[in-house]
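> With numbering that gives the first Met the number 0 applied, the sequence shown covers 0 to 554.
Calculated directly from the structure, the hints in this document are not laboratory data.
In this text, all values refer to a predicted model and were calculated from it rather than measured experimentally.
Please note: incorrect hints may appear among the correct ones.
[What the hints assert, rightly or not] Here are the simulated distance ranges between beta carbons: (1) D533 with T269: 23 to 29 Å; (2) N458 with D533: 36 to 42 Å; (3) T313 with T509: 44 to 50 Å; (4) G495 with T416: 29 to 35 Å.
[Unchecked claim] No farther apart than 20 Å at their CA atoms in a straight line, the calculated lysine to aspartate or glutamate pairs in the EDC-like style are these: (5) K535 with D484; (6) K437 with D506; (7) K290 with D333; (8) K339 with D284.
C-beta atoms are modelled at their ideal positions from N, C-alpha and C, and glycine is treated no differently.
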Amino acid sequence: MFKVNGSISALNYLSSNQTCQLFSSNISSVFVEFNSNSTLLFLNQLSGTILNQPSTSTSSSSSVAAPSSTTAAGAAAASTTAAGAAAPTTTAAAVAAASTTAPGAAASTTTAAVAAASTTAAAGAAASATTAAAVAAASTTAPGAAASTTTAAAVAAASITTASSSTSTTTSSTSTSTTTSKTTSTSTTTSSSSTSTSTTTSTSTTTSATTSACNLFSNQITYPVGSNPRSVAVVDVNNDNKSDIIVGNYGSNNVSVLLNAGSGTFNAQTTYSVGSLPYSVAVVDVNNDNKPDIIVANSGSNTTSVLLNAGNGTFLQQTTYSVGSLPYSVAVVDVNNDNKPDIIVANSGSNTTSVLLNAGSGTFLHQTTYSVGSTPYAVEVVDVNNDNQPDIIVANEGSNTVSVLFNVGNGTFLHQTTYSVGTNPISVAIADVNGDNKPDIVVANFGSNTTGVLLNAGNGTFTNQATYSVGSAPRSVAVIDVNKDIKPDIIVTNSGSSTVSVLLNADNGTFLSQTTYSVGSYPCSIVVIDVNNDDKHDIVVANRASNDVSVLLHC
0 MFKVNGSISA LNYLSSNQTC QLFSSNISSV FVEFNSNSTL LFLNQLSGTI
50 LNQPSTSTSS SSSVAAPSST TAAGAAAAST TAAGAAAPTT TAAAVAAAST
100 TAPGAAASTT TAAVAAASTT AAAGAAASAT TAAAVAAAST TAPGAAASTT
150 TAAAVAAASI TTASSSTSTT TSSTSTSTTT SKTTSTSTTT SSSSTSTSTT
200 TSTSTTTSAT TSACNLFSNQ ITYPVGSNPR SVAVVDVNND NKSDIIVGNY
250 GSNNVSVLLN AGSGTFNAQT TYSVGSLPYS VAVVDVNNDN KPDIIVANSG
300 SNTTSVLLNA GNGTFLQQTT YSVGSLPYSV AVVDVNNDNK PDIIVANSGS
350 NTTSVLLNAG SGTFLHQTTY SVGSTPYAVE VVDVNNDNQP DIIVANEGSN
400 TVSVLFNVGN GTFLHQTTYS VGTNPISVAI ADVNGDNKPD IVVANFGSNT
450 TGVLLNAGNG TFTNQATYSV GSAPRSVAVI DVNKDIKPDI IVTNSGSSTV
500 SVLLNADNGT FLSQTTYSVG SYPCSIVVID VNNDDKHDIV VANRASNDVS
550 VLLHC
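Using the sequences and the hints given, assemble the complete structure.
Structure representation (structure tokens):
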């Protein structure tokens, strides 16, 4: 007797315990052990599994005993009939092992039947029919002997797993916003394929780009925005705890707001008019109502626009403030410690930075300007000398330098100190990359296809840059830990090669060689932030030439 799933079943051994039969009812699965060859067979409604299958086994017939070679294969299929259908039907599959017969002997066939029980749905529901698949064994016949016959019924539906390794391919797809990733790896699954479908906005598209295991970031999903997007910010603007995308569209003189629909997918854009040729965008609550507002640097009209958040991720019409010539970059930080964020702008045409102090209620005072290097292209505002006062750091494209302006209090700044970097630096990020609690400078050198790292030597002074190769024409840089080793990594958009480079931190402020990921055409701006609430940082890129944004979710 044999006990299976709480039921007592009859186990019948035939031919000296070489083959067995199990007879049972009202059970959903069976487990049989062939002690003679250590083969374990498990059959249920959904799958058939063969473990520890030997390459050869010994089988004897009732007439002639001879060694046989057995190869197992099989699958189980489950079907369900609608309510009111006939009673459950069970078809037993055969486990056939072919035998080798001595010279001149007659062919022999050995068959062991294993009954697969059926499962019936709740009262009045449909009955299900389960057919167990066969495990067929190949035969070997000695010279001159008659061939032995093996018959196996195979039904393909469920997965078959063997103890040996094999290659599996997994494909996932989504409707309208379609992500296809192919991953090849060694696993214990002989053949397994699964398809999942989800729906996002009808306007998004997906690019499939890799055939190897996902390395940090999956294939991009793209969303259309306005014309010639130059800048992107990612902030929760409707207080639903999901990060939204805001894009400055240089060619269409507006900003796009794409609300997060969940799971890292985004709704179609809503646009708001701003000034002429918007080049940079920041999203910060400037009127202390706990709703992030939009601030834009308009390079064509020499203004900055402020769009206050009206609630639910909608925005009021812009209010504009005059700044310098060709404002290319904007940052919004409280620089005078009054708990009201101020506006700082890099003016590429006048080689200055503008500081507009917050007057309250989201309004701003007239600008104060400070001289910097030639063609200032990007600005960041961070305390780099540990005096609790945010300082200004500017990347100067024309003079191949970065400027550091120390905050002396009350939102005023000292004369610049400059440091040499690579050719045409057009983006800058500030982060402690070597774990010494002193913020360092990282720049994207557009003209030399490198990223430069200037370590903080203390008191806001910096060492000579160390450079690392990236893609062609790097245009935007972010510094954040993407692999959870508590060391900030470098992520760069390469506008010339339409890629993103990820340089992992190797410790002590040094970095490994880049890994690249394909994005849209001419990527201009990057943000690295968790957009699907899985506690892993994702990549969002504004693609200037393809008029879209790319979202690369962290694997």
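> Compare the structure with the hints numbered earlier in the document and write down the numbers of the violated ones, lowest to highest.
none
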